[in-house]
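Asker: These protein sequence lines are chains A and B, in that order. So the first sequence is residues 1 to 302, counted in the working numbering. So the second sequence is residues 303 to 665, counted in the working numbering.
Fair warning: there could be bad hints in the mix.
[Claimed, not checked] Which stretches of chain B does chain A cover? Using the computed rule of at least three CB atoms under 8 angstroms from a CB of chain A, they are:
#1 362-371
#2 385-397
#3 655-664
Source of the hints: derived by calculation from the structure; they are not laboratory data. For clarity, every value in this text was computed on a predicted model and none was experimentally measured. For every residue, glycine included, the Cβ atom is placed at its ideal position computed from N, Cα and C.
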Amino acid sequence: MAERGTQGMRPFVAKWALVAVPYLWSLMFFLAPFLIILKISLSQTAIAMPPYTPVINTLGEFWSKLTDFSLDNYMFLGEDPLYYSAYLSSLRIALISTVLLLIVGYPIAYGMARAPKSVRNALVMAVILPFWTSFLIRVYAWIGILKPEGLITIALQGLGILGPGEQIHIYNTETAVFIGIVYSYLPFMVLPLYAALEKLDATLLEAAADLGCPPMKSFWVITFPLSLPGVIAGCFLCFIPIVGEFVIPDLLGGSGTLMIGKTLWAEFFNNRDWPVSSAVAVVLLIILVVPIVIFQNQQKKA
Amino acid sequence: MVRQRLLGAAALTIALATGAVAEDKVVNVYNWSDYIDESVLQEFTKETGIKVVYDVFDNQDIVETKMLAGGSGYDVVVITGPFLARQIAAGVYQPLDKSKLPNLSNMWPEVMSRVAQYDPGNQYGIDYMWGTTGIGYNVDKIKAIMPDAPVNSWDMVFKPEIISKFKDCGVQFLDASEELIPAALKYLGKNPDSKDPADMEAAGKLLASVKPYVQKFHSSEYINALANGDICVAVGYSGDILQARNRAKDAKNGVTINYVIPKEGANMWFDIMAIPKDAPNPDAAHAFMNFMMKPEIIAKSTNYVAYANGNLASQKFVDPAILADTSIYPNKDTLANLFSTTPYDAKAQRVLTRVWTSVKTGM
Numbered sequence: 001m002a003e004r005g006t007q008g009m010r011p012f013v014a015k016w017a018l019v020a021v022p023y024l025w026s027l028m029f030f031l032a033p034f035l036i037i038l039k040i041s042l043s044q045t046a047i048a049m050p051p052y053t054p055v056i057n058t059l060g061e062f063w064s065k066l067t068d069f070s071l072d073n074y075m076f077l078g079e080d081p082l083y084y085s086a087y088l089s090s091l092r093i094a095l096i097s098t099v100l101l102l103i104v105g106y107p108i109a110y111g112m113a114r115a116p117k118s119v120r121n122a123l124v125m126a127v128i129l130p131f132w133t134s135f136l137i138r139v140y141a142w143i144g145i146l147k148p149e150g151l152i153t154i155a156l157q158g159l160g161i162l163g164p165g166e167q168i169h170i171y172n173t174e175t176a177v178f179i180g181i182v183y184s185y186l187p188f189m190v191l192p193l194y195a196a197l198e199k200l201d202a203t204l205l206e207a208a209a210d211l212g213c214p215p216m217k218s219f220w221v222i223t224f225p226l227s228l229p230g231v232i233a234g235c236f237l238c239f240i241p242i243v244g245e246f247v248i249p250d251l252l253g254g255s256g257t258l259m260i261g262k263t264l265w266a267e268f269f270n271n272r273d274w275p276v277s278s279a280v281a282v283v284l285l286i287i288l289v290v291p292i293v294i295f296q297n298q299q300k301k302a
Numbered sequence: 303m304v305r306q307r308l309l310g311a312a313a314l315t316i317a318l319a320t321g322a323v324a325e326d327k328v329v330n331v332y333n334w335s336d337y338i339d340e341s342v343l344q345e346f347t348k349e350t351g352i353k354v355v356y357d358v359f360d361n362q363d364i365v366e367t368k369m370l371a372g373g374s375g376y377d378v379v380v381i382t383g384p385f386l387a388r389q390i391a392a393g394v395y396q397p398l399d400k401s402k403l404p405n406l407s408n409m410w411p412e413v414m415s416r417v418a419q420y421d422p423g424n425q426y427g428i429d430y431m432w433g434t435t436g437i438g439y440n441v442d443k444i445k446a447i448m449p450d451a452p453v454n455s456w457d458m459v460f461k462p463e464i465i466s467k468f469k470d471c472g473v474q475f476l477d478a479s480e481e482l483i484p485a486a487l488k489y490l491g492k493n494p495d496s497k498d499p500a501d502m503e504a505a506g507k508l509l510a511s512v513k514p515y516v517q518k519f520h521s522s523e524y525i526n527a528l529a530n531g532d533i534c535v536a537v538g539y540s541g542d543i544l545q546a547r548n549r550a551k552d553a554k555n556g557v558t559i560n561y562v563i564p565k566e567g568a569n570m571w572f573d574i575m576a577i578p579k580d581a582p583n584p585d586a587a588h589a590f591m592n593f594m595m596k597p598e599i600i601a602k603s604t605n606y607v608a609y610a611n612g613n614l615a616s617q618k619f620v621d622p623a624i625l626a627d628t629s630i631y632p633n634k635d636t637l638a639n640l641f642s643t644t645p646y647d648a649k650a651q652r653v654l655t656r657v658w659t660s661v662k663t664g665m
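So here's chain A without its partners, still in its complex pose:
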C-alpha cells in the first residue's frame, strides 16, 4: 500500500511542477512588472533619480501606508479629453486594422490550406520569412516606398498614370499607418487561420456539394464556422498589440495620428511624468484585459 502511495505521488508532483512553470513565468514577467507600474502610478513626480517619490519602498509598508496612495493620476486622465480620445482612436485604428487583416489574411490562409501538402510547408515558411529581417527596418522600408518621391510615385509615373510633377501623398497619413500595420501583423493573422483551416475535413465540403449546396453557401455554412477558433485567435493576436502600437504610427503616421502608445510616450519622455504614464498603461491594460478574458473563454469552448 505504502509503495503504491508514493507511486501515486510522483505523477501528482510532476503535474504540479508542470503547471507551476507557466504560473511562475507569469508571476515574474507579468504580475511583478505590473505591480511595479501600479505602484509608480500611485506616486507623485519629483525632480530626482528616478523622477518620482515612491509611496512605499517595501512590500511590508503596504498596509500601513494604504491611505497615502493617491488616485490623482487616474483622476487627471479623466479631466483631459486627450486621453480618452487617444484610447478611442487606438481602439478604432486597431479594429479597422484587424478587419483589414482578416480580409487580407483569410484568402491567403485558405489558399495555403488548400495547396498540395508538398508545398504547404514552403508556404508557411514564406509567411514567416519576413521575421528574419528586423521589424524596424521593414517599417523604414515602407517609408521609402510610400514617401512622395518614393517607389509608388516612381512606379505610377513610369506607367504614365501620374504626370511627371505629380506625387502620391500617403506617407504621414493614417492610410500609411494602416498599410504598415496590416503588413507587419499579417503573419499573426494568417498562421492561426491556417492552423484552423488545415484541420478542416474536406469530405464535409464534398458531401455538401453532392447534396447540391453551391460553393459560396458551403463556405459560409461549413468552412467559416469551423474556422472560427482560428478567426478569433488571429483577431485577438492582432487587435491587442495593435491598440498599444507605437513604432508604426510614429514612423509612418502624421503628427495628427493620435494613438495611446504615442500619448504614453509623450507622458514618459516629454513630461518625464512616470506616475501619469504608468496610470495610462494601467488603464490600457484594463481595457485590454476584457478581450483577453473573452478570448480565453472562447479557447475553452473550442
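The hints should help you fit chain B onto chain A, whose structure is shown.
Answerer: Then chain B, alone, in the frame of chain A:
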C-alpha cells in the same frame, strides 16, 4: 568540491574581466547626431589609447529619461542648458575635477558666463558648441514662389498667409516644444522664457494656425530633406541647416540653402558636456573633455559641423569663412537680440507638452 570549483571559476572570470577593462580603456560618449568630425575621435584614441564608444540621439527627452533612470553607462553626455540645469538638480551629474582639465584656460569667458545660468559656477559642465534656432530655406524655390518673401523674419513661418504659399513645396518644424514655443512667444512680443500657461497657450494658438502648412515635426529629418530639395523651409538648429547647405553643395544638386536668424530674435542655446555620477570611467571622461578643449581639435569639429564653439583659443584655427559668418558667430547687434530659456518645472512642463500635443494633433 563542486562549489569550490565553481567559486574558483567565478573568481577567474572576474579577474579576466577586470584585466580586460584595465587593458583597453573606453570612454562612452553620448552626443547629438551629426555633431562631430569623427576623425577627432580617432585622434583621441591615438593620443590617449582610450577607445571611444560613440552613441547619438536626436531627442533630448530620451536622454533625460535615460539619465533619470540611472545606470546609463555613459561617461560623457552632451546636453542643452535647461535640460542640464534640471538634471543637475535631480543629481544626475558629478562635479568636474578641474585639476584634470588644464585646457579650461582656452575657454571663452563670455560663453562660460552664459552657461553659468544653467550650471552656477561652471561646476558640472563645459560648453561643447552653441548655436541658434532659426529658419533655413531653399533660396531658388522661395524666390520662384514668392520673390519678396520676408526671409529674415519669423513672418516667414508664423504668418498663415505667407507660410501657406510654401506648403506644397514642403515645410518642416523641429519636434521640440522648448524651441518652437519660445520662438512663437518672441514673435508675439511676449517674454520667450514665459512659464505662464496663458502665454504658452497663446503661442500654441499661433503655432496651430500655421500647422496645416507644416508637413512634419521632426528634429533631424530636415537636414537631408533641405539638402535634397525635398522641402523649402525648415525651422531648425543653425548648424544643422548649414550642414544641409554643405551637403547640397557637395552633392552639386543645384540646391542652395541659406540660414537666417530672424530679426525678431531667436533662441541661443548651449550644448554642454557633463559626466554622469555613475559614469563607469570618470578618468577617461575627464581626459576626453580635456582633449575636446584643445583649440585645434574643437576647431576641427566646428569647421565640420558649422556650429560655433565655446573655445576662444580655437578661433585662430576656425575656417575664416565660418568665423566671419554672422549666422554662426553672430555680431554684437544680433547677439543682443538672442534670448535664452530657463528650465521648466514639472507643472510648466506639463502645460508646455500639452500645448505642443494640441498643436500637433489638434486635440
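Asker: Broken hints, numbered, in rising order?
Answerer: none
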